[in-house]
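Trainee: For reference, the chains in residue letters:
There are 2 protein chains.
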Amino acid sequence: MPTNPLPTVVTVREVGLRDGLQSIARTLPTAHKLAWLQGAYEAGLREIEIGSFVPARLLPQLADTAELIAHALKLPGLVVSVLVPNLRGAEAAIASGAHSMVLPLSASHAHSLANLRKTPDEVVAEAARIRAARDSAGSSMLLEGGVGTAFGCTLQGEVKESEVLRLMQALLDAGCDRVSLADTVGYGDPAQVQRLFEKGRALVGERLWCGHFHDTRGLGLANVYAALQCGITRFDACLAGIGGCPHAPGASGNVSTEDLAYMLRSMKIDTGLNINALLGLRQQVATWLEGEALHGTLWQAGLPKTMKETA
Amino acid sequence: MPTNPLPTVVTVREVGLRDGLQSIARTLPTAHKLAWLQGAYEAGLREIEIGSFVPARLLPQLADTAELIAHALKLPGLVVSVLVPNLRGAEAAIASGAHSMVLPLSASHAHSLANLRKTPDEVVAEAARIRAARDSAGSSMLLEGGVGTAFGCTLQGEVKESEVLRLMQALLDAGCDRVSLADTVGYGDPAQVQRLFEKGRALVGERLWCGHFHDTRGLGLANVYAALQCGITRFDACLAGIGGCPHAPGASGNVSTEDLAYMLRSMKIDTGLNINALLGLRQQVATWLEGEALHGTLWQAGLPKTMKETA
Numbered sequence: 001m002p003t004n005p006l007p008t009v010v011t012v013r014e015v016g017l018r019d020g021l022q023s024i025a026r027t028l029p030t031a032h033k034l035a036w037l038q039g040a041y042e043a044g045l046r047e048i049e050i051g052s053f054v055p056a057r058l059l060p061q062l063a064d065t066a067e068l069i070a071h072a073l074k075l076p077g078l079v080v081s082v083l084v085p086n087l088r089g090a091e092a093a094i095a096s097g098a099h100s101m102v103l104p105l106s107a108s109h110a111h112s113l114a115n116l117r118k119t120p121d122e123v124v125a126e127a128a129r130i131r132a133a134r135d136s137a138g139s140s141m142l143l144e145g146g147v148g149t150a151f152g153c154t155l156q157g158e159v160k161e162s163e164v165l166r167l168m169q170a171l172l173d174a175g176c177d178r179v180s181l182a183d184t185v186g187y188g189d190p191a192q193v194q195r196l197f198e199k200g201r202a203l204v205g206e207r208l209w210c211g212h213f214h215d216t217r218g219l220g221l222a223n224v225y226a227a228l229q230c231g232i233t234r235f236d237a238c239l240a241g242i243g244g245c246p247h248a249p250g251a252s253g254n255v256s257t258e259d260l261a262y263m264l265r266s267m268k269i270d271t272g273l274n275i276n277a278l279l280g281l282r283q284q285v286a287t288w289l290e291g292e293a294l295h296g297t298l299w300q301a302g303l304p305k306t307m308k309e310t311a
Numbered sequence: 001m002p003t004n005p006l007p008t009v010v011t012v013r014e015v016g017l018r019d020g021l022q023s024i025a026r027t028l029p030t031a032h033k034l035a036w037l038q039g040a041y042e043a044g045l046r047e048i049e050i051g052s053f054v055p056a057r058l059l060p061q062l063a064d065t066a067e068l069i070a071h072a073l074k075l076p077g078l079v080v081s082v083l084v085p086n087l088r089g090a091e092a093a094i095a096s097g098a099h100s101m102v103l104p105l106s107a108s109h110a111h112s113l114a115n116l117r118k119t120p121d122e123v124v125a126e127a128a129r130i131r132a133a134r135d136s137a138g139s140s141m142l143l144e145g146g147v148g149t150a151f152g153c154t155l156q157g158e159v160k161e162s163e164v165l166r167l168m169q170a171l172l173d174a175g176c177d178r179v180s181l182a183d184t185v186g187y188g189d190p191a192q193v194q195r196l197f198e199k200g201r202a203l204v205g206e207r208l209w210c211g212h213f214h215d216t217r218g219l220g221l222a223n224v225y226a227a228l229q230c231g232i233t234r235f236d237a238c239l240a241g242i243g244g245c246p247h248a249p250g251a252s253g254n255v256s257t258e259d260l261a262y263m264l265r266s267m268k269i270d271t272g273l274n275i276n277a278l279l280g281l282r283q284q285v286a287t288w289l290e291g292e293a294l295h296g297t298l299w300q301a302g303l304p305k306t307m308k309e310t311a
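Here the protein sequences line up with chains A and B, keeping their order.
Taking this note's numbering, the leading residue of the first sequence gets 1, the next gets one more, and so forth.
Taking this note's numbering, the leading residue of the second sequence gets 1, the next gets one more, and so forth.
The following block holds chain A by itself, in its conformation from the complex (with noise of 0.2 Å):
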């Protein structure tokens, strides 16, 4: 167990436009989604995953990122992120306009396979070939590894810690400026993701920065209170607790994007966001979904009386 203080300042990385809409079979439309947009935007959000590069065969629900991204490039202050699955979504990234993408490679070879059609391995060496697309077009653009079913597979069962860790260290090797550990499919605990992420920190620094956790199983907040205690500042959440993955059946459910704010508000972590507002644009995108599962545990019982909101 660690001995470190719990940071003082977290980011919260809102991702529901992203990993929340991808699981949803509807497409919401996109003036909503610059609701959405605008919505957190006001409720203090300053990092965005916007959508994603894939072909809109795949994913009909993101086919507008595009045009999302150029509004989000607007909103003073806000880093704009997407994913890419490719070298090709990467290319459309980096004409975007966006400051970061998120390149997921998953850590078991049955859900790469699976969900990227690409062995682990390949998906290292696509991210160098993304590094070098991107050095030559002269951008500035961030590039994350996510590290995705680095705790378990729905698919493969049990994912080394040694597998995980190596697939890190190639992601940076090959070009890559950061990246995350995420839980996509809700099979962490916390003890797990302490044990994880002090061994990525150890390896990578600061460069390991970002924890994304679904809450499957119940364990998302714990979760995150362990990466915490490993002095992680960075976490994806979704609001309302939407998301999943179309291939890892039942694994719905990001960590919520309010909840996470309570606790890290509680804890007196500073986010910069405004619970409230979070709620109130809950709220509003429950209207927009309606007949979907939403998530999450604060909106009913609401924030304690002993907590002020002040942003």
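Misleading hints may appear alongside valid ones.
Since the list gives no way to pick one copy over another, a pair counts as held whenever it fits inside one copy or between any two copies.
To be verified - In silico BS3-like cross-links for lysine-lysine, where the CA-CA straight-line distance does not exceed 27 Å:
#1 K268 <-> K160
#2 K160 <-> K305
#3 K308 <-> K199
#4 K308 <-> K160
#5 K305 <-> K199
#6 K268 <-> K305
#7 K308 <-> K268
#8 K305 <-> K118
#9 K308 <-> K74
#10 K74 <-> K199
Just so you know, these hints were derived from the structure itself, not from any lab.
Starting from the known structure of chain A, fit chain B onto it as the hints suggest.
Mentor: Just chain B now, with coordinates in the frame of chain A:
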């Protein structure tokens, strides 16, 4: 932050038959409670809070507590626990032959007056009378003082740590064998939990032995993980996450037994619990409590592929 390793063995005390059912308006028939008790025992629970010796006009839902205890005492190896609000209840508990009794004290004066019609120090005085009654009866029943609203209160707001620690010590001085800390209304966060349990442990050692958390705002299991890091090895939980407090609006939802058992198993902490049996019992209880708000997450996703049921 502590440097202790996590405990290797943890006791989960099922409190659904007491904390759960007292917060639900309907009265579950005794036959259903007996089936619940039997199912919980068969799932490996070896400490169960059976009910509460309060006047039946106040909590008709728990009027059959003595009958349930008589049955529970026949289950080999089961620690039969019961809640007692005062000396009169304690006398009934001693006569019942149960193994342990929990005397609730509310560290919030406002909540104490609303819930128990006594100040916290009047409850301490009652603890001394209960201890005297137990000793003069020649009983070896264990007396636990449960310090509730230890992390804040819906009525009073903030509850000072110094006051919680003072009352904890006072309960022990008055003759309690053990004390526990309860987040009655779901205001606690993991940093606060870790801080208060560490201070409590420093003050009274292992006589502070149990944590009781509500998941009102989604932090129940994160709080358990925090307390585990302080060496706490006993936790209360309710099957299906039912429970709450009639005098604490919006406070519904104990940590769910099945989710807690899953988190502990996942971290290789031995509880002796059979999670699939707990999930089966949850399904049964859900039919009896149709229409009531149930909680918990694991039941939707089931056990991960990486987890083998061993109990």
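Trainee: Hints broken by the structure, by number, lowest first?
Mentor: Numbers 9, 10 - these are the hints that the structure violates, sorted from lowest upward.
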